[in-house]
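J.: Residue numbers (my numbering), protein chains in the order written: chain C, 1 to 475; chain W, 1 to 321.
Rather than coming from a laboratory, the hints here were simulated on the basis of the structure. No false leads were slipped in.
In silico DSS-like links for lysine-lysine, alpha-carbon gap of 30 Å or less:
#1 C:Lys63 - C:Lys17
#2 W:Lys53 - C:Lys364
#3 C:Lys324 - W:Lys53
Examples of chain C residues lying across from chain W (beta carbon under 8 Å, computed):
#4 Leu270
#5 Gly276
#6 Asn325
#7 Asn441
#8 Thr442
Some chain C residues flagged as far from chain W (calculated, every beta-carbon gap over 12 Å):
#9 Lys37
#10 Leu91
#11 Lys364
#12 Asp474
Idealized CB from N, CA, C, for every residue including glycine.
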Amino acid sequence: MWDYAPAPESRDIANLKPTYRMFVDGQFVEGGGEPLKTVNPGTEEVLAEVSTATTADVDKAVKAARRAYERAWGRMPGSERAKYIFRIARLVQERARELAVLESLDNGKPIRESRDVDIPTAAAHFFYHAGWADKLGYAGYGPDPKPLGVAGQVIPWNFPLLMAAWKIAPALACGNTVVLKPAETTPLTALVLAEIIQQADLPPGVVNILPGAGDVGAALVSHDDVDKVAFTGSTEVGKVIQRQLAGTGRRLTLELGGKAANIVFDDAPLDQAVEGIVNGIFFNQGHVCCAGSRLLVQESVAEELLEKLRARVSTLRVGDPLDKNTDVGAINSREQLAKIEELTASGEAEGAERWTSSCALPDKGFYFAPTVFSNVSQAMRIAREEIFGPVLSVLTFRTPDEAVAKANNTPYGLSAGIWTEKGSRILWAAQKMRAGVVWANTFNRFDPTAPFGGYQESGFGREGGRTGLEAYLDV
Amino acid sequence: MAATSTAPPLPPALADAVRDDASLRRFLHGLPGVDQVGVEQRAAGLGTRSIKKAAKLWAIDTAISMVDLTTLEGADTPGKVRSLAAKARRPDPERPDVPRVAAVCVYPDMVAAAVGELGGTGIGVASVATAFPSGRSSLKVKLEDTAFAVDAGATEIDMVIDRGAFLSGRYGQVFDEIVQVKHACGDAHLKVILETGELATYDNVRRASWLALLAGGDFIKTSTGKVSPAATLPVTHVMLQAVRDWHAQTGQRRGVKPAGGIRTTKDAVKYLVAVNEVAGPGWLTPDLFRFGASTLLNDLLMQRRTQLDGHYSGPDYVTVD
Chain C
1 MWDYAPAPES RDIANLKPTY RMFVDGQFVE GGGEPLKTVN PGTEEVLAEV STATTADVDK
61 AVKAARRAYE RAWGRMPGSE RAKYIFRIAR LVQERARELA VLESLDNGKP IRESRDVDIP
121 TAAAHFFYHA GWADKLGYAG YGPDPKPLGV AGQVIPWNFP LLMAAWKIAP ALACGNTVVL
181 KPAETTPLTA LVLAEIIQQA DLPPGVVNIL PGAGDVGAAL VSHDDVDKVA FTGSTEVGKV
241 IQRQLAGTGR RLTLELGGKA ANIVFDDAPL DQAVEGIVNG IFFNQGHVCC AGSRLLVQES
301 VAEELLEKLR ARVSTLRVGD PLDKNTDVGA INSREQLAKI EELTASGEAE GAERWTSSCA
361 LPDKGFYFAP TVFSNVSQAM RIAREEIFGP VLSVLTFRTP DEAVAKANNT PYGLSAGIWT
421 EKGSRILWAA QKMRAGVVWA NTFNRFDPTA PFGGYQESGF GREGGRTGLE AYLDV
Chain W
1 MAATSTAPPL PPALADAVRD DASLRRFLHG LPGVDQVGVE QRAAGLGTRS IKKAAKLWAI
61 DTAISMVDLT TLEGADTPGK VRSLAAKARR PDPERPDVPR VAAVCVYPDM VAAAVGELGG
121 TGIGVASVAT AFPSGRSSLK VKLEDTAFAV DAGATEIDMV IDRGAFLSGR YGQVFDEIVQ
181 VKHACGDAHL KVILETGELA TYDNVRRASW LALLAGGDFI KTSTGKVSPA ATLPVTHVML
241 QAVRDWHAQT GQRRGVKPAG GIRTTKDAVK YLVAVNEVAG PGWLTPDLFR FGASTLLNDL
301 LMQRRTQLDG HYSGPDYVTV D
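Working from the sequences, and respecting the hints, build out all of it.
T.: And the structure:
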């Protein structure tokens, strides 16, 4: 047997500080709220203390953003805004290693992913949108589209820095100013991004970052002087926000949950389909709103595919997020782990067949071994509810129509995957799919040029691409 | 089509596949396709594994023991082969604990010289045969080429398939040639060179792999080293999947040999990671995985010294043969 020796990335690279403060009007300041302790989910140790905002702080930040919008950012020529955003992009690249290690410490995701996906894609979003800043007249929204004003943005814990980039980059490119609340369990990289924004010398108040729990987010999205709200998170909270904003005339985009189907037809490239399924559900411990959490496989190849899949999942290395050879890291929080455990238990109780990788798990930290449920039916909770963990539900189908019907049979509609060597079938199935993103013979690929967003309870509005600019322009 | 004589009987599904030309074609074209983007992404992803310390040292020693030390030049002489054989026996003369390489790989007329040096050492003598590297000759000549090498004492034969026949869809012909060469090999192990650089698509690599396995090849080998591209990681992935699936269906383990273009320890480790995670740990043995290489060995030896001594030495501290 060949055991790979531990290959941990040094945690010193993260430049972890004992305390972090919120970022308002170009300054790091103490918040009025009770400081929160952010935990390393890989070890359960406390990483740092982070000050949190109160309603008064939210008001201060929104006022600062308004001032910055009126006096500087909103009237600045696009070509000037672009320079600032390019600078942010380059600084993110320069500090990529620091950000990657910090992200893995705070979030629990494997360093391989934060290093190769999260941080480079975040930088790419800034680069891409910097390019738009002086070309908005050519985006298809009229000759001189105007910004909206102050954007209030609330982001989740699954891709902390990347989601911040998704939110901040288009807002700034279009001439808006920003008040952003990172997730309670993962505030650190957003606050380093604030340092970068300071380093890039953005006018004070253009970007404000307020850590805190749900109450801070609630105060932000319901603030009267916010012109635009963008929220990524659970469908439950999304609905509350939509109710609050109804009738106010304020703009809203929501990117919510999902229960995506990954459809494998019998003529699929099976070995690559297995990779795509693994990438679809075990990437980022399954903490992905567009995760391919329902595998729909044609009955004629189901057995062969499942055998290959289990063999492949057995090779996934679960453990220390900082180890460069870790494939699946830690679950982000104890609460999330409990939710995953509860839903998997329901799967067993409802009669699905559970298979769990026999990989060893660390003694400390929040971990969940990759799990595949077969013999799942649409009626079971594990086929309907978002698990947001490394748990795959496998259903079978007999005909392409049945596959499409089952794939669409969900209140969500964020993403879908189609696996077949037949081009015409890809086009046919993609047209029938009620999902904002459809991947063909691949899964979980992200690019700033490709719009991302959902149908139905997965939300509305698009992020990325030319389409994504619409959410931040007065059109 | 000729029957596979020496190999143990195939399970019914596979025996059916080789019943006649049409069945063979149906079988090969019925194999699942290979998605190019997917396999290349997976190979690149696995290439980021970080192998350090004891794991790296183990990989270096294992890689050394898997090397088919190769010289395939028009300018080869018995003297050159003798010095290569000496290197094979003692790769690092100052460090007797360095494992021996698996085999020395030469042209048929150099086999006798190699056997003279390596007889009784347990190091294999591999010979390319069958009108290597192009394979463009009559079956009669190919079989005589093989017999010549075997008679001279070769323990392993590296044959080339007829790529022209394969690309024009004459699978039965390719199959028959492999079966007959295998027969001519007698006790010698047969490695079947697919020359993947000329097959062009991963689908073809998969089909040729299965064709060679069905015909009784003990190993499937990527390349002659005379065509670019030679071995690549994604091609090796596809071939490792083939031997893994072959094992799942028949219970037999067959080997894989990437050859050409693997020059550094870093590359070799990436290949071993692929062996470990695509085929499985059971394939991490010289019986089932080989590197066809010449310059790789010295890099492995230098890296081995670096690992043990804690500092780099230099190319003057390993022997050039």
